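With the hints as extra help, turn the sequences into a complete structure.
There are 4 protein chains.
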Amino acid sequence: MTFTVAVSGASGYAGGEVLRLLAHHPEVTIGAITAHSNAGSRLGELQPHLRSLADRVLEDTTPEVLAGHDVVFLALPHGASAAVAAQLGPETLVIDAGADHRLVDPTAWEKFYGTPHAGSWPYGLPELPGHREALVGSKRIAVPGCYPTSAQLALAPGFSAGLLEPRDVVIVSASGTSGAGKSAKTHLLGSEVMGGMSPYGVGGSHRHTPEMEQGFSALAGEPVQVSFTPTLAPMPRGILTTATARLKPGVDAASVRAAWEDAYRDEPFVHVLPEGQWPHTKHVQGSNHAEMQLAVDPHAGRVIVTCVIDNLTKGTAGGAVQSMNIALGLPETLGLEIEGMAP
Amino acid sequence: MTFTVAVSGASGYAGGEVLRLLAHHPEVTIGAITAHSNAGSRLGELQPHLRSLADRVLEDTTPEVLAGHDVVFLALPHGASAAVAAQLGPETLVIDAGADHRLVDPTAWEKFYGTPHAGSWPYGLPELPGHREALVGSKRIAVPGCYPTSAQLALAPGFSAGLLEPRDVVIVSASGTSGAGKSAKTHLLGSEVMGGMSPYGVGGSHRHTPEMEQGFSALAGEPVQVSFTPTLAPMPRGILTTATARLKPGVDAASVRAAWEDAYRDEPFVHVLPEGQWPHTKHVQGSNHAEMQLAVDPHAGRVIVTCVIDNLTKGTAGGAVQSMNIALGLPETLGLEIEGMAP
Amino acid sequence: MTFTVAVSGASGYAGGEVLRLLAHHPEVTIGAITAHSNAGSRLGELQPHLRSLADRVLEDTTPEVLAGHDVVFLALPHGASAAVAAQLGPETLVIDAGADHRLVDPTAWEKFYGTPHAGSWPYGLPELPGHREALVGSKRIAVPGCYPTSAQLALAPGFSAGLLEPRDVVIVSASGTSGAGKSAKTHLLGSEVMGGMSPYGVGGSHRHTPEMEQGFSALAGEPVQVSFTPTLAPMPRGILTTATARLKPGVDAASVRAAWEDAYRDEPFVHVLPEGQWPHTKHVQGSNHAEMQLAVDPHAGRVIVTCVIDNLTKGTAGGAVQSMNIALGLPETLGLEIEGMAP
Amino acid sequence: MTFTVAVSGASGYAGGEVLRLLAHHPEVTIGAITAHSNAGSRLGELQPHLRSLADRVLEDTTPEVLAGHDVVFLALPHGASAAVAAQLGPETLVIDAGADHRLVDPTAWEKFYGTPHAGSWPYGLPELPGHREALVGSKRIAVPGCYPTSAQLALAPGFSAGLLEPRDVVIVSASGTSGAGKSAKTHLLGSEVMGGMSPYGVGGSHRHTPEMEQGFSALAGEPVQVSFTPTLAPMPRGILTTATARLKPGVDAASVRAAWEDAYRDEPFVHVLPEGQWPHTKHVQGSNHAEMQLAVDPHAGRVIVTCVIDNLTKGTAGGAVQSMNIALGLPETLGLEIEGMAP
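Chains as they are written, first to last, in our numbering: chain L, 6 to 348; chain V, 6 to 348; chain Y, 6 to 348; chain B, 6 to 348.
Think of the hints as simulated: they come from the structure by calculation, not from any bench. It should be emphasised that the depicted structure is a prediction, and the values quoted were computed from it without experimental measurement. Please note: incorrect hints may appear among the correct ones.
If chains are identical, the list can't say which one is meant, so a pair holds when it fits in one copy or spans any two.
Claimed, not checked - Straight-line distance between alpha carbons at most 25 Å, and here's what the computed SDA-like set of lysine to any residue pairs gives:
(1) Lys190 <-> Glu32
(2) Lys253 <-> Ala223
(3) Lys144 <-> Ala185
(4) Lys253 <-> Pro171
Encoded structure:
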């Protein structure tokens, strides 16, 4: 039997990537494809790479259109999904690629987003301890942010194993431009971004910071403080996260490596690379894999983990489909056995 | 009067950039242009962008060829410059773009470079306290590494003013590929680097780490430990450095900003951007400027400084010409009044 | 039942792409994976994006290793495949991604390749009239060159329908850098290619010229002369071909459009876009599709066709798998139902 | 003595490039810098790479603000410059980087631009026979389009020398994205353009087509018909034009090469490369040079010329400054002795 799935926000990058993955998912039938201002257009005009769906026509994002599907993906601007989700029945699996239901703490939500808290949903990062179990059978899933996906995968084993100090955690990420969305803005023009790099959201102001801290604190059992700096790289896709934390006294390199390898040994999508091999965002381009390498710097007393994902795949749509599989009781990797595309 | 200048290593990226800047320096006459395996070739074949020098023929890098110039630039592979420099007379201004004479501490040198220490020379980063004075009249100049240039400019004001803790300094840099040089290597092919990012030299193993620590420790008056991670970005030029350090107790945001603005107020090439404006490597592309923005993250108790330079200009050849100007008693900005090239 | 397939030349770009496609082909079991100097390495070191094959070890390219497979793909340097193929039995389906067996005319071969002609094989461009039929049951297939694939698809309908003059055919193509292969060469370094374009093989000297003329002449029933200019674009993948030919007297725009639409109406992988929509190489990135748009310029009396493919997929590995499917009697699209990857 | 120069349209790419060049022109004082919606902003916010002009404030583009300058550059949207120019006195040198005054033939103008013809001005491509003389002392200059600059330089010698047939001239150009301007449009986002190529304006519809034909026809003494196809390349700057024409009967390769070399031997900014060397857009990046290579294809009976310029420099602002120098009686190369910036 297959599940009918609706995708809203289908004209954007996240929605397009959800459709790319679902197009050949063996247990999925794509139902309504919806958008806002682009309702009425052929998908072939808006997402010309999705050849097999080119003749599908986008509908309006309304409760009536979304009703009657087993699964509804919401790839909407932040703040828009809570209202739509509230109109969908409890028997529908709603997967929110936006931020609205990620944060547990209403105070953190209101500080960073400035709107009333809509409540939190099971968090779609199954590789973190406890999360996979919480997703099974769930009817509501909050897809993690792209930066928090890479950052939490990078440092989770260390916090889980009690190896890392909760202060002076520093995370610097470089993201491809698709993370900034598809709306036309001057500073995102090709002429502006090709050939250069720039930071933004410096100083702890980026909204993904509390999401990282929430994840780390839960694992560490104590409040973790993160200094997070995002930067924009001249590439369409991919995130390279450099995450570094101080080791607790007496922790040595071998136990660090063992903790990471143990944590991910059986994970189908998260991989600690063999020593001597560096991750590269292109190696996971278009795939649902995360790859990382780590090193202990005894001089600085820190572990440095570099982790790559595709921000649109494992960082958004792939993670969402993976969580959907778990929630529906399907094999976790179904429809996601995709190699990276290189060169 | 003008100075005659020889440039060795002219077939590489650093040598080419030195020539690009010198070609229109009003007080310089370009004398010998030398290379190793490319001796005998027209410069137009090897550096076709240097149109005004296209018909110059490269000579061999020998003491005889280099003799008789007022200034000799050495843009040679690391480890090669000390031997060449030793054959040049004490009256010649020798400017070494390589690493050989940057580190004061022989132990640090030997640990990271594995060869006998050749001694240290005045360090060509005039914006650091004390360095400008040391360059005046000097006949030997060690050009800083490209990463250390951006990193030291980013955090120097904080260490000079005693605002920063000496531990848990974390520096993550993204560099354009020209920093890796012009030799043909598979992992540097366009097919491999376009569209992706990767780290390398993780865990404190990059040779620029002790150079950063040397600079910071001198300013702080105590040993500073740096965790440095370099990454390779899909762009030919430019470095974006994210440098972050813990603030000493009681240091507030206003005093941090004041320290940085005071430090660089009168510098012709280093600029703290107005609040709200982010640096971008393209804004300094081809120019000798460094631009930075900073933010205090009170939650994490850290200052984050993002600093951009062109790795080949301020990071190598521009800094070298600037230091040459100081050493020769010329106006410091001569030949370097170049706008960035954007878009 | 599934077919066992060996892939030789697996460390290069073409070989890697063959493996990427075969990895999830439902009727294929990947047998030997071979290379020359990289024999003995893990595939994960050489093609890290092929996660599902990471632990496979490359074997040497010998007749013994290749023996016993139903299908052998040869992704070898030009000139190397004929010798290997000669050692494989007549019952093995040999698919040569190299040039050795593309040209029918020994004189043309010797003029452009300078070696003895190895004979020609059925030509793996099933969309050209007559070719699909010739591939059914064939045990030897010559995979077309990447430029000739795009060029022939662009103009074939016009020559087939007798609409185009055989002289003054002009074809200008821009190719991604993977077309130049994975060997380390200075002019292919990322620093050299990012941000710029350059021509090469100007003046009819490129080896793909006779291949295009062979295809067009067969369709036109008279000798066709092509002026072909390839250029290198700053992107890893993709070919954009602009092909233009003079219309025969009296041919109007409507009959031109009808000829193209008729030719490709039932093709699963070749698409004439709706009027007003331009092809873009990213829309077919990683997919086996070719997309084109055309316009008649009545002032110049010419038709201009712009056609995009992914040079590694439809231009090499995808076309090869498509031909394999036909030869083996499998559904032509099996394993190739892949959307393009954008953005 | 120096000339005061006003620059209108200073927030766009063309205006920014004019300012980059004028900033260090030894005989120019930059007066008013004007814009439309950005009037009142600091230039440092809009063109952050122009460090030496960062604190200048943009004024409104009005006749009053522009009055009193020796020279006024108009870098305005097409159609806007004629009205502004009409309000400037006859003693002011007005240099129009827009299209309004390029075409001599009102019919061609109205067909391609759809508005009343504003008349033609002396054409700022001094390397074409007769044009340099017409610019001396002129008070009105039409700056050529970027594509026509590269295309006319590529084929002018052949038409001047009577070597080329007037029909079946085919020109295909790849342009960097800055040619499309700085307004925010979705299809020009970095996510869309990086890593891919696309055509536009196919079929003779691009407005630069009549401009090319005007130039060629004047040189040939007979009407020349051009098939022109522009494409968008994933780079910020640069044009690579492939221009090809049929040779008249009896014309041989030696006479072709001689014609081109003779035409440009004494030109400071246009260069026929030595045989065996290919042009590359990066070699002229940021410089006012045009470089070309040519080949005769005896099989196809055509000459193929590949020509590179920087669309913003020789293609717009550099050509404009060069023409200004001529008009004002200054040395033609003043302020333009800039090497290309590579890598």
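Checked hints:
no., hint, verdict
1, Lys190 <-> Glu32, "neither (38 Å within a copy, 37 Å between copies)"
2, Lys253 <-> Ala223, "within (18 Å within a copy, 28 Å between copies)"
3, Lys144 <-> Ala185, "neither (28 Å within a copy, 47 Å between copies)"
4, Lys253 <-> Pro171, "both (9 Å within a copy, 18 Å between copies)"
Comparing the model with each numbered hint stated earlier shows that hints 1 and 3 do not hold.
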